[in-house]
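Novice: Here is how the chains run, residue by residue.
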Amino acid sequence: MSASADPLVRVEGLKKHFPIQRGVIIQRTVGHVRAVDGISFDIAPGETLGLVGESGCGKTTAGRTILGLYPPSDGEVWIEGVGVREAEGEAMRRLRRRTQMIFQDPYASLNPRWTVGSIVGEPLRVHRLRPRGSARTERVKELLALVGLSPRYVNRFPHEFSGGQRQRIGIARALASEPAFVVCDEPISALDVSIQAQIVNLLEDLQDRLGLTYLFIAHDLAMVRHLCDRVAVMYLGIMVELAARDELYENPLHPYTQALLSAVPIPDPELDRKRRRTILSGDVPSPINTPSGCRFHPRCPIAKEHCARLVPEWRQVGPGHWVACHEVEPKTLPST
Amino acid sequence: MGTLLEVEGLRVRFHTTEGVVHAVNGISYSMQEGETVALVGESGCGKSVSMMSILRLIPCPPGEVAEGRALFGRRDLLQLEEAELERIRGGQIGMVFQDPMTSLNPVLTIGRQITETLRAHTSSDAASARTRALELLDMVGLPAAEDRLQDYPHQFSGGMRQRAMIAMALACSPKLLIADEPTTALDVTIQAQIVELALQLRERLGMAIIWITHDLGVVAGLADRVLVMYAGYLVEEAPVHELFARPWHPYTLSLLAALPRVDRPRSSRLKPIPGSPPNLLAEAHGCPFAPRCDFVMDRCRTENPPLVQIEAGRKLACWANVETGQPR
Amino acid sequence: MDTAAGLSLPRLEELEAPPLSLAQLFWRRFRRHNMALVGVVVLALLSLYAVFGSFLQTEAYANLTETGLRLQSPSAAHPFGTDTVGRDILARTIYGGQISLLIGLSAMLVELVIGVSVGALAGYYGKALDSLLMRITEAWLNIPALFLLLIMAKTFGGRIPDIQLLGRSFSGSVVVIILIIGLTSWMYLARIVRAEFLSLKEQDFVLAARATGTRNLAIILQHILPNSVAPIVVAATLSVGNAILTESYISFLGLGVQPPTATWGNMLQGAHGYIEQAPWLWIFPGTLILLTVLSINFIGDGLRDALDPRSRAV
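Protein chains in written order, with the working numbering: chain A, 1 to 336; chain B, 1 to 328; chain C, 1 to 314.
In short, the hints are calculated from the structure, not lab data. For each residue, glycine too, the CB sits at the ideal point set by N, CA and C. Honestly, I wouldn't trust all of these hints.
Just a few of them, taken from the derived set where beta-carbon distance is under 7 angstroms, the chain B residues facing chain A [stated by the list, open to error]:
1) Gly217
2) Gly221
3) Pro239
4) His241
5) Leu259
6) Val262
7) Pro265
8) Ser276
9) Ile310
10) Arg314
If you anchor each label on the Cβ, the simulated ranges turn out as follows [claimed, not checked]:
11) His15/B - Leu45/C: 32 to 40 angstroms
12) His15/B - Ser47/C: 56 to 64 angstroms
13) Glu270/A - Gly9/B: 47 to 55 angstroms
14) Gly19/B - Phe52/C: 40 to 48 angstroms
15) Asn321/B - Arg93/A: 43 to 51 angstroms
16) Ser47/C - Glu18/B: 49 to 57 angstroms
With the rest of the complex left out, here is chain A:
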């Protein structure tokens, strides 16, 4: 499974199920939402791995579970060699310092009652990276400048800023503890198009300057192509395809990936109207009662009879290219 010598992040068989409870006096568990149902991948240091999928595929839950914000139901995650599941006390504190998250909603991710300075300075305080006073304030101002905000704004409140500026504040906060690994959970979806490009460029610059590793969770496939090195596609809690960026976009093998890519509109009327689209029928089924066999079979344009019975294997079908589909044949076996 490992793609490189020493991955920064290793995820193996990760699952996260949420119990559904009924009952007033006594709560019974009547089922589970299988938000994440077994995913595995590595992320190399300095790499940007894109995790894409539509709503309900589990990508946001995956991001949070990987960081240990939700306890996993099964499987394991190692970050810098440290198992997230068992981390406690000192090890957990170190983990929290070395990993960070950037959130989707610039309005909800900053405490409205705290000043910008307090928000960005919180990691410094929690991890005792700078003593209270001028050293801490200086560092906060440095961080604000790093993300392109004037250091004069330390005493302002989040409500005084625009969405793009708030997202920058969130990024400054994420950088404060000098993390190695940052999970970006749809960081630009809530922003206007002209601001999205600003933030994406910022993320790239920071990655170059600070040697960051990103897990970039998104549903905007065009932006993912622009930013990521490798891309993993999720559907209903599992991974259906993983490949290097251009390989995935130019040679998508899983029928869901193909449909997903063909559904993305292209800002070019000639091209957009000429292309052949695979329009999927129906809606995404619920992660409570997942379909039998291959989860995608009810909507799959090439589904065969066995697809409803047998769960497809996650296997390598080309260099760095993995797919879970019965109908895809490996071209050459990889020589590792």
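Use these hints to put chains B and C onto chain A, whose structure you have.
Specialist: Just chains B and C now, with coordinates in the frame of chain A:
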């Protein structure tokens, strides 16, 4: 093809505790029967407000239509009696909004909501309304229409709700369908389904569509003509192929340059538009895009360029010529 | 404009609105409530009356009985008249006011401490702790308050010694009353706080704090609590009024603060039986109670709107 809708000099303001927000600043355009026009811009540019105010769906106060006419088949929607307007809304003009969950009544079944619309605008009785409702649900691709009539909105997924909204909007065979960001909240595969549906319906029913969106990709696939708005002004108008092939307004140009492509390998960094959209509380002196414009000249800061016709079908509000870098 | 690193710095005019602190925002919105402002003024006047009035009349005078002067209607010497044992009512309303307001504020503090603690812990930790705390809360809610009040008053009534505070001597029954009222009203606040915590703990900024490594207690006190201030302040304000009313009727039943110490409530009790003959016995304390509670309620209304976190309008 006659002129279906003609908007002249529309100005809309909001009176807030902070001051007056100039949401729409004198926009004019016209629409022909059967054509699809995309109204494009980012949040706060006034695209939704302009449409909603034409249909008089903005609460006034705090809103105010300061000036302008909106001629629908030669009657000014802004001057009509409320009762007359209600006949047109839902009747000759159908509307689809962004969030189907809040536009659909959660306590009424889908069937009831559709038949209500039908009975309000036509003289159908219960039985024929029901038949028509089934027809509509079928037309929008909702399977097992019989059962769907009894369902409540919360039982539908986002895509299905949007289809139900479209069914309601089409109930009285409107001449004009106004869709305000109908697919923004949907997943991309569902969006593709809805866009596909819109294309089919357009073929079948020959109605005109105004599609409000910020997504230039959707525009490319759907529109005949595009109207670009910025800070409450209409800054460019062009047939769709022209707009993408030869954008003339610096904002349009920048917007296209800031978009990543799904169909091409990455070639360079994205070119973002620096700064942020202007504060609508102050009326602009000069061109509202000047602070962020790559082609800005002195004149731009003091005089706001009017929207003028440059070629047949192409209008532009700009002092510069982006192809030569010289004043136009 | 870009820096050498290619990052673009915002121009200084980007943040156009002058910095408005949250306090200023609050004040702007509160100012719009005429009745709330009236309430503030009236309450301020009443507080002044109760506090500074004591410089004009001593407590000894308030408790001075002179049976020869009993049941006199208002006159120059006794502007509010005298009561059944000849005590000056004006003086008694001043000192009574001190006690009533003290009871109101202190009971509110008791409620606040218990209610917020229970609600915060239940809402934040959820699961077993939440179930346990909510069952306790519900149990307390189901005990008829009056019943509890009566029992506690009877049991502890005479047992607690007098206390000295700020130059006055308070009978132990005041402490008992404060505790009783506080212990029978915290549940409402607990539920409100629990609801706030349940919803706030799912917010992204709380998740961000957890991702940063902030400890649970810090999250509760520094992150969530400041954001639940609005409903807490409103509930606390209204509970002051509620406490004053409760004291009134406990005293009216004869179970509250015992004479000779005056409270507005026990003055009403003293008026029982003379309602028509000597209306000044109940009109003055009654009106004062009414004004106090009304102004507190109006202030509460103003606070509710001024603190509304949903209103992002400046």
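Novice: Evaluate each hint against the coordinates.
Specialist: Against the structure, the hints:
1. Gly217: 3 angstroms, holds
2. Gly221: 4 angstroms, holds
3. Pro239: 9 angstroms, violated
4. His241: Result: holds, 5 angstroms to nearest chain A Cβ.
5. Leu259: Constraint on Leu259/B satisfied, holds at 6 angstroms.
6. Val262: 4 angstroms, holds
7. Pro265: With Cβ-Cβ at 5 angstroms, under 7 angstroms, it holds.
8. Ser276: The hint holds - Ser276/B has a Cβ within 7 angstroms of chain A, the shortest such distance being about 5 angstroms.
9. Ile310: Since chain A brings no Cβ nearer than about 20 angstroms to Ile310/B, farther than 7 angstroms, the hint is violated.
10. Arg314: 15 angstroms, violated
11. His15/B - Leu45/C: 32 to 40 angstroms: 37 angstroms, holds
12. His15/B - Ser47/C: 56 to 64 angstroms: The hint (56 to 64 angstroms, Cβ to Cβ) is violated, given that His15/B and Ser47/C are roughly 39 angstroms apart.
13. Glu270/A - Gly9/B: 47 to 55 angstroms: 35 angstroms, violated
14. Gly19/B - Phe52/C: 40 to 48 angstroms: The hint (40 to 48 angstroms, Cβ to Cβ) holds, given that Gly19/B and Phe52/C are roughly 44 angstroms apart.
15. Asn321/B - Arg93/A: 43 to 51 angstroms: 60 angstroms, violated
16. Ser47/C - Glu18/B: 49 to 57 angstroms: Given range 49 to 57 angstroms: violated, Cβ gap about 36 angstroms.
Comparing the model with each earlier hint shows violations of hints 3, 9, 10, 12, 13, 15 and 16; every other hint is respected.
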